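Chains A and B are the protein sequences, given in the same order.
When we follow the working numbering, the leftmost residue of the first sequence carries the number 1, and every step to the right adds one.
When we follow the working numbering, the leftmost residue of the second sequence carries the number 310, and every step to the right adds one.
Hints listed in this document are in silico derivations from the structure and should not be mistaken for laboratory results.
Here the structure is a predicted model, which is why all the values come from computation and not from measurement.
Just to be clear, a hint being listed does not mean it is correct.
[As the list claims (entries may be wrong)] Among chain B residues calculated to face chain A with C-beta under 8 Å, some are:
(1) ARG390
(2) ASN409
(3) TRP424
[Claimed, not checked] Sample of chain B residues facing chain A (criterion: CB under 10 Å; computed from the structure):
(4) PHE369
(5) SER385
(6) SER388
(7) ARG408
(8) ARG467
(9) PHE494
[Said to hold, decoys possible] Derived lysine to aspartate or glutamate pairs resembling DMTMM-like cross-links, with alpha carbons at most 20 Å apart:
(10) LYS86(A) x ASP479(B)
(11) LYS531(B) x ASP479(B)
(12) LYS710(B) x ASP236(A)
Using N, Cα and C, we set each Cβ at its ideal position, and we do this for glycine too.
Residues per chain are reported as follows:
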Amino acid sequence: MESGALFVAKISITSSMAVLYATIGEIFAERSGVLNLGVEGMMLMGALSGFATVHATHSLWLGVGVAMAIGGVFALIHGFFAITLKVNQVVSGLALTLFGIGLSDFLGRPLIGKVSVKFEPVSLYPLYKIPVLGDVFFSHSLLVYPAYLLVPAAYLFLYRTRYGLELRSVGENPSAADTVGIAVARLRYCYTFLGGVLAGLGGAYLSLAYTPGWKEQMTGGQGWIAIALVIFAMWDPLRAAGGAILFGFINAFQFYCQAAGITVVPGYILRMLPYLFTIGVLVIITRWEAARKRVGAPSALGIAFEREE
Amino acid sequence: MSGSDLPRTPAVLMKGIVKRFPGVTANRGVDFRILKGEIHSLLGENGAGKTTLMNVLSGFYQPDEGEMFVNGQKVSFRSPRDALDHGIGMIHQHFQLVRNFTVAENIILGVPGPWTLNMDNVEKSVDEISNRYGLAIDSRAHIWELSVGEQQRVEILRMLFRKVNILIMDEPTSVLAPQEIESLFETMRKIKNEGRSVVFITHKLEEVLEISDYITVLRRGKVMSTVRPEKVRERDGTVSTELARMMVGREVILEVGKQPMKTNRVLLKVDNVSVMGDRGELAVKGISFTVRKGEIFAILGVAGNGQRELVEAIVCLRQKQGGQILLAEKDISACLDSIAYIPEDRTGLGSVPDMPLMENVALTNRARFSKGPLVNWKAVREKALGLIQEYNIAAPSLEMKARQLSGGNLQKLILAREFTQDPLLLVAEQPTRGLDIGATEEVWQSLLRQREKGAILLVSGDMKEVLSLADNILVMFRGQAMDIISGEDEKGIERIGPLMAGLR
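One chain only, chain A, in its complex shape (with noise of 0.2 Å):
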């Protein structure tokens, strides 16, 4: 039991990295008013072209470096798309995920089945020494790792610095902003590149460490379940992380039952849990979010932002 309750420990962390850099791009671009839904597709994109890179050169990082400019590159069309054109962003983004589903999918397809070097498990000396939790946190590939200082980057640049207070008030009152010099437009196009590259570090951490290889849809959702996190998490990062490792957890959970054989539930509900139990949070956290009146979404999220004449 014992050594049941540390794999499914360890499984919580591995199994909420990709979506944990995806929410976390995520909030970034919500925080500026830009709402990407094209996570999705992201995230694909970045599984595939850090794969693709790492099959032909064998080197792990330029693989990485790809994916994360590739998922950047992808926000870009998607920045284009809502900051400059001013285009409805709930269909721009959805536009992005299905090409980048379809584009991934078919550019993909010579690759699936190959295999190639991948991020194999590094124990981070000192800190692995940590009885139970130096085994749990400490003993995963290298893609893990950052996100341990992410996390409290994102959350201290958001409060505690001047860029991330010029972030906040972007999405909360573009015009407020703009009347006090900020370049509204020049910061979305930031912040929305920056959602993009996490979520191309998120799928390269799918298709390099996690699952290595390729296989079309790899990424199973966890895009969307990234942007149900961002507002489970109330668009604060540390929240982010907790929603991330719960999302992990349940996983590892639907794992453990399956390696342990316990089959009084089928194999395929285990499966939905992880979905499921998003749906669930999401509907009971905006309940009594609502309820509490807390802050909610960045004000002006979504909406394009125009100088009035």
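Assemble the complex: chain A is given as a structure, and chain B must be docked to it using the hints.
Relative to the frame of chain A, chain B by itself:
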């Protein structure tokens, strides 16, 4: 340019500014100068181009023609940031504050500095400035917790924090209570005494006399005159009609030639009506009155004494708790076609701000312009063009959106639209709030014309308006009718003030 009696380089000089918008030229070659350490009023009607001119100066708009000089240096601003860098800041009529941010966060927003942010330090320096200028405010409070007057203080503090030399305020007094206006003027004088300049945009003549060193009058995008206030003040301290004439371009008659009411049949009968407010309290407590054909019946009171709830019950937007409302002896809910409603909230209830004027005209007249499910847009267009002519509405095209109209023009359009329905009963709520003299006069005249055709229920907090128009006046206080006073009854009129305050 007049005012060259002072041998100072102007802090700001604008020369030949032209700014065009699709269909309108808002500024037609405006010359304007601001001296150091003066309060300079920019006076004009709605749509005269005051705000546009200052938006050009503060970098929001780029002028189509003309030059600008700051301290003798030629400048051209591409954004508000450029203007701020030259010490020019503008406080807009709609405050530009982030509601979810604290006062201090709003003030530091966009100020250049190191990338880390120490809010404690910011709060400290905000407190310091607010003490120095007597602008009491809690720097840790969120904007949504503040009253409009306090929000204005935040805007001023923000400009002071940035050490602007030219502070432009767009109609700052329109949202303030009288005592708040006094303290705003106090702050403006303090800023002036430090050698900084304030541009005060307004259409209120009395305020201009009280505070300005110079007055520039704009009309239809052109400067009519720049004068010292002494020149336009009468012996008794009131504004000379000359200033008003410069502003409006014709004699303003706020005396409306009202014909005495003819005794006619009763149209509206409100009998012992009670209405609940939003928080479930009894907002209207058993009010009764009647309105006859050809009568303007006013409901007068300080805002929040149940007038809104009563009106909403009459136009069937709110359920009444008890009593009866009859229009021409039928229950009012059966006569909605015979009622026209001019709501206080022009852009929320009165119009759809993002829809073109033409569609806004059709909104409440759909039945008249449609055959089955189809709307006859050609007829709507003709009607709308006719209304724009008839009611003197400054609208360059029917395709422009309602929100692009100035307040006065939008109100005239709404009035015009409602009049075309030939209503038995017209309910007008605060019909001239925020309008300039010219527009107010036109609205009053239209109401008086409509009075010949039906009955008007006028809800207003403006005593002058009520006394100019109403045949009978019901004074409301805490949901009750204090009394109904005839507009002819001189003795009764004197009692209105105390009645509004709840003293019988």
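To see whether the hints hold, each was checked on the structure:
Interface hint at ARG390(B): satisfied, since its Cβ lies 3 Å from the closest Cβ of chain A, which is below the 8 Å cut-off. With a least beta-carbon distance of about 6 Å to chain A, the hint placing ASN409(B) at the interface is held under the 8 Å criterion. Satisfaction of the interface hint for TRP424(B) is found here, the shortest Cβ-Cβ separation to chain A being roughly 5 Å, below the 8 Å cut-off. Look at PHE369(B): its Cβ gets to within about 7 Å of chain A, closer than 10 Å, so that hint holds up.
Violation of the interface hint for SER385(B) is found here, the shortest Cβ-Cβ separation to chain A being roughly 16 Å, above the 10 Å cut-off. About 6 Å separates the beta-carbon of SER388(B) from the nearest beta-carbon of chain A, less than 10 Å, and the hint is met. Here the hint on ARG408(B) is kept, as its CB sits about 7 Å from the closest CB of chain A, short of 10 Å. At about 7 Å, the closest approach between the beta carbon of ARG467(B) and any beta carbon in chain A falls short of 10 Å, and the interface hint on this residue holds.
Hint status for PHE494(B) relative to chain A: violated, with the closest Cβ pair at about 24 Å, above 10 Å. With a C-alpha separation of about 29 Å, the suggested pair LYS86(A) and ASP479(B) falls outside the 20 Å cut-off, and the hint is violated. Under the criterion of a C-alpha separation no larger than 20 Å, the hint pairing LYS531(B) with ASP479(B) is consistent with the structure, at around 18 Å. A hinted pair counts as satisfied when its Cα atoms are at most 20 Å apart, and LYS710(B) with ASP236(A) does not qualify at roughly 38 Å.
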